[in-house]
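Numbering (my numbering), first residue to last: 58 to 492.
By construction, these hints were calculated from the structure, which means they are not laboratory data. Take the hints with a grain of salt, since some may be wrong.
[Said to hold, decoys possible] In the SDA-like style, the derived pairs of lysine to any residue whose C-alpha atoms are separated by at most 25 Å in a straight line are: (1) 215 - 194; (2) 215 - 257; (3) 215 - 204; (4) 215 - 274; (5) 215 - 191; (6) 215 - 271; (7) 215 - 148; (8) 215 - 161; (9) 215 - 225.
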Amino acid sequence: MSARTAGVLTGALVVALTVATGVTTTADPTLAAYTAASSNRSTASTVGDYALTGLPFRDSFAGGQGAWRTYGGSWTTRTQFGYGTFTETAGSSDGPKAVTGDPSWTDYTMQADVQVNSGTNAGLLVRVTDPAPGADAFTGYSIGLDRTDNTLSISRTKHGATTRLASATIPGRLANGQFYHVVVQAAGCGITAWSTTVGANDWTRASVSESSADCLTSGAIGLRGNGSAAGYRFVTATTGALAPSVAADPYNSTLATGRFEDGAPARVFGGTWAIDQQEERIRSTAYANTGDKQVLNRVWGDMTLTGDVRLMRTPRSGSDAGLVVRVNDPSTGIDSMRAYSVGITATGMTIGEHRSPGFVGSFVSFGRTVQAEEWWHLTVEAVGCTITATASPADGGTPVQGRVSFGACSSTSGAVGIREQGTEAEWRNLAVTPR
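Hey, can you work out the whole structure from these sequences and the hints?
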């Protein structure tokens with residue numbers, strides 16, 4: 058993941074996309090907090106009323122609700138620590154919801170942190186079409202955290218009629234004000250959902266396979282409360298999903314608890330590291346040219362890794378920081394692992410393979426200079442022998458995507474991790490979803 062001269066791989070494909078997101082705004086430079094004006098739409102929507110965009114999609118709500126269209130309720134955004142929370146405060150029984158994305162999306166993964174602040178039920182929506190004000194005024198699947206029976210539930214709403222399809226009991230009790238990480242994957246006529254307390258990976262899973270007669274095959278994404286005031290943050294949608302019959306769990310970073318682990322502490326290979334629990338970020342403070350990294354202990358095959366990264370010093374030639382996937386045989390040293398990496402550099406990103414020893418990769422230009430302490434959101438998709446990386450400023454901007462096929466790749470599974478080369482760097486909101 059070094060920005061040193063890389064051997065350019067044949068067949069690298071670079072594509073520019075456009076995503077409409079919010080713009081960071083701060084009202085108080087000390088608190089770095091901002092509250093946006095309320096939104097309370099009460100008119101029915103058409104497809105053109107919400108964002109049409111490509112995948113991957115991500116919104117940090119940093120300073121505004123961006124491309125989200127709301128239906129009922131009272132919605133606000135608040136930015137703190139450089140990321141935002143989108144909150145519905147009315148908590149009414151008419152199912153306030155917010156929708157974005159493209160109604161033509163088919164198989165994808167959506168994830169977000171969901172906070173039930175009062176009432177009984179809140180969660181995510183997938184494959185949404187025809188949204189309008191009203192509790193069941195949409196067609197789509199809803200994934201809810203339900204405090205009435207302490208479950209993670211999957212329901213289908215079609216033209217105003219709602220049917221609960223599956224549910225799983227969540228251990229303990231769902232707590233008001235606690236963020237839970239919720240993941241939902243839609244693949245064909247199968248819907249799989251997981252939930253865990255943010256800061257843990259104690260996953261509860263529910264899944265269902267619909268008949269072709271009942272199946273909803275495409276639609277946008279949404280957020281929904283049902284008799285509950287609720288908050289949402291770190292919403293992403295990425296291509297690809299598991300069939301419900303495949304038993305593979307996601308991963309969500311544990312930085313809120315002061316740890317970086319997946320049941321066992323991450324393995325550290327060089328560097329000096331610190332975790333800020335309040336801001337839920339991890340930092341590398343040693344910046345020697347040794348490729349310092351931390352690697353989790355779990356192994357995935359095809360998967361998507363998402364997260365935010367920023368360079369804490371003015372970027373210079375030879376320095377970068379980012380994410381690693383398919384990690385095998387890691388040790389201390391600049392290229393001491395077999396893995397694929399995506400790194401943010403002074404002017405773009407590298408997509409490369411570490412061959413223990415040796416490195417080969419491709420460079421994708423951002424068309425501008427990366428600023429010190431500027432958060433960038435990365436999506437890294439590892440499918441077969443192809444690595445696809447998408448990068449965009451975390452507070453809104455034009456994403457840039459690169460795709461590299463590594464041919465007959467030597468590693469089709471492995472761990473994930475974070476890595477810096479010659480710079481201080483920080484990471485937050487790290488998540489893995491299986492493909």
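Hint check results:
A C-alpha spacing of about 9 Å is found between residue 215 and residue 194, which places the hinted pair at or below 25 Å, so the restraint holds. Under the criterion of a C-alpha separation no larger than 25 Å, the hint pairing residue 215 with residue 257 is inconsistent with the structure, at around 34 Å. For the given pair, residue 215 sits about 24 Å from residue 204 by alpha-carbon distance, which is consistent with the 25 Å threshold. Distance check on the hinted pair: residue 215 and residue 274 sit about 12 Å apart at the alpha-carbon level, within 25 Å; holds.
For the suggested pair residue 215 and residue 191, the alpha carbons sit about 13 Å apart, so the restraint of at most 25 Å is met. Restraint check: the Cα-Cα separation between residue 215 and residue 271 comes to about 9 Å, which is no more than 25 Å; the hinted pair holds. A distance of roughly 23 Å separates the Cα atoms of residue 215 and residue 148; the hinted pair therefore holds under the 25 Å criterion. At roughly 17 Å between alpha-carbon atoms, residue 215 and residue 161 fall within 25 Å of each other, so this suggested pair holds.
Between residue 215 and residue 225, the direct Cα distance comes to roughly 22 Å. Compliance with the 25 Å bound is thereby established for this hinted pair.
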